[in-house]
Amino acid sequence: MIRDVIQDSHILLNMSPKDWQESIRLVAQPLLKEKYITQNYIEAMVNAVKQYGAYIVVGKGVALAHARPEEGVQKLGLSVMTLKDPIAFGNQENDPVKLIFCLAAIDSKAHLDIMRSIVHIINENWKINEIVAQKNLMDFKKTLEKIEENSKND
Amino acid sequence: MKKKIKILMVCGAGLGSSFACQMSVEDVLNKLGVEADLDHCDISSAVSMHPDLILTASNFKSQFEKFTINPAETNIIYLTNIVGKKEIEEKLVPILKEKGIM
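As you go down the protein sequences, you meet chains D and H in turn. Heads up: the first sequence is residues 1 to 154, going by my numbering. Heads up: the second sequence is residues 155 to 256, going by my numbering.
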């Protein structure tokens, strides 16, 4: 479950970064500050998009910023950011992005539950829209909890 | 007994998008009643794993074209939406039929 790993300080709402690159840097800040990841991990996430394209935009309007554990993950973590104005990442199918997760994975398996929750969200447009519509922390957490409970029955 | 197909989901880091893709593929295969051996990895390890089938995002096409992948051994499916079950099913079914899995 997302709510098992996400701390209040990892939730950034209604933000206004100027482009995709700044979006990745911004959503990663809480994890950097709390030493889940190093600065190098942030550069690796940005470089992955520069190198391979915006494949991290995994659903309609949803990006999953991530890189390899050895690029600088200290512990398993997740942060999330919603955007005031959607931003194009360069993914024809799923742009513009309004919800960004930043995943710090320690190996290729431990984050299975988190990924399952994220996939359940991005497979349903209404879930994405409802999450993005929340403007304060309490409502955001309540909505996330409701959606994760709902996904259990999928 | 039918042969179990080995399917590999591939992305840049091998644990985000590819993992997400694997979960959607799992759901599609369950629905179709097909048993398969599923795994995910990064693009640099993909070639050495010799899967029957690779699923990846369409932006990796140019990278894959640089590799020498034997089309008789490995099919590659490029997805515009890496977790989209509808697209996965549409592109997966013909290949499963061709390989005699379905």
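Where hints are given, some of them may not hold.
[Stated by the list, open to error] Result set (EDC-like, lysine to aspartate or glutamate): computed pairs, CA atoms no more than 16 Å apart in a straight line:
#: 1; chain 1: D; residue 1: K84; chain 2: D; residue 2: D19
#: 2; chain 1: D; residue 1: K152; chain 2: H; residue 2: E243
#: 3; chain 1: H; residue 1: K245; chain 2: H; residue 2: D181
#: 4; chain 1: H; residue 1: K239; chain 2: D; residue 2: E93
#: 5; chain 1: H; residue 1: K185; chain 2: H; residue 2: E227
#: 6; chain 1: H; residue 1: K158; chain 2: H; residue 2: D193
#: 7; chain 1: D; residue 1: K75; chain 2: D; residue 2: D107
#: 8; chain 1: H; residue 1: K251; chain 2: H; residue 2: D196
#: 9; chain 1: H; residue 1: K253; chain 2: H; residue 2: D196
#: 10; chain 1: D; residue 1: K18; chain 2: D; residue 2: D107
#: 11; chain 1: D; residue 1: K109; chain 2: D; residue 2: D85
#: 12; chain 1: D; residue 1: K84; chain 2: D; residue 2: E130
#: 13; chain 1: D; residue 1: K109; chain 2: H; residue 2: D196
#: 14; chain 1: H; residue 1: K240; chain 2: D; residue 2: E93
#: 15; chain 1: D; residue 1: K35; chain 2: D; residue 2: D85
#: 16; chain 1: H; residue 1: K215; chain 2: H; residue 2: D196
#: 17; chain 1: D; residue 1: K33; chain 2: D; residue 2: D4
#: 18; chain 1: H; residue 1: K239; chain 2: D; residue 2: D19
#: 19; chain 1: H; residue 1: K240; chain 2: D; residue 2: E124
#: 20; chain 1: D; residue 1: K152; chain 2: D; residue 2: D4
#: 21; chain 1: D; residue 1: K109; chain 2: H; residue 2: D193
Derived from the structure by calculation, the hints contain no laboratory data.
- Does the alpha-carbon distance linking K18(D) and D107(D) stay inside the 16 Å limit? This hinted pair is violated, its Cα atoms lying about 31 Å apart.
- Starting from K239(H), check that the Cα of E93(D) is at most 16 Å away, please. Holds, at about 14 Å.
- Task: Could you grab the alpha-carbon distance between K109(D) and D85(D) and see if it respects the 16 Å cut-off?
- Result: Violated. K109(D) to D85(D) sits at ~33 Å, over the 16 Å cutoff.
- Item | Pair hint K84(D) and D19(D), alpha-carbon separation not exceeding 16 Å | Holds - the C-alpha atoms of D19(D) and K84(D) are around 12 Å apart, at most 16 Å.
- Item | K239(H) paired with D19(D) [C-alpha distance capped at 16 Å] | The hint is violated at about 29 Å.
- Query: Do the alpha carbons of K109(D) and D193(H) lie within 16 Å of each other, as the hint requires?
  - Reply: holds, 10 Å
- Message: Does D4(D) sit within 16 Å of K152(D), going by the straight-line distance between their CA atoms?
- Response: holds, 15 Å
- Are the Cα atoms of K158(H) and D193(H) separated by 16 Å or less? The hint holds at about 13 Å.
- Item | Holds or violated: K253(H) to D196(H), with C-alpha atoms at most 16 Å apart | violated, 25 Å
- 16 Å Cα cutoff - pair K35(D), D85(D): violated, 29 Å
- Message: Need the status of pair K215(H), D196(H): alpha-carbon distance at most 16 Å?
- Response: Measuring from Cα to Cα gives roughly 14 Å; hence the hint holds.
- Query: Under the criterion that the straight-line Cα-Cα distance not exceed 16 Å, is the pair K109(D), D196(H) satisfied?
  - Reply: Holds, because 13 Å separates the two Cα atoms, which is no more than 16 Å.
The structure fails hints 2, 5, 8, 9, 10, 11, 15, 17 and 18 (numbered hints given earlier, in ascending order).
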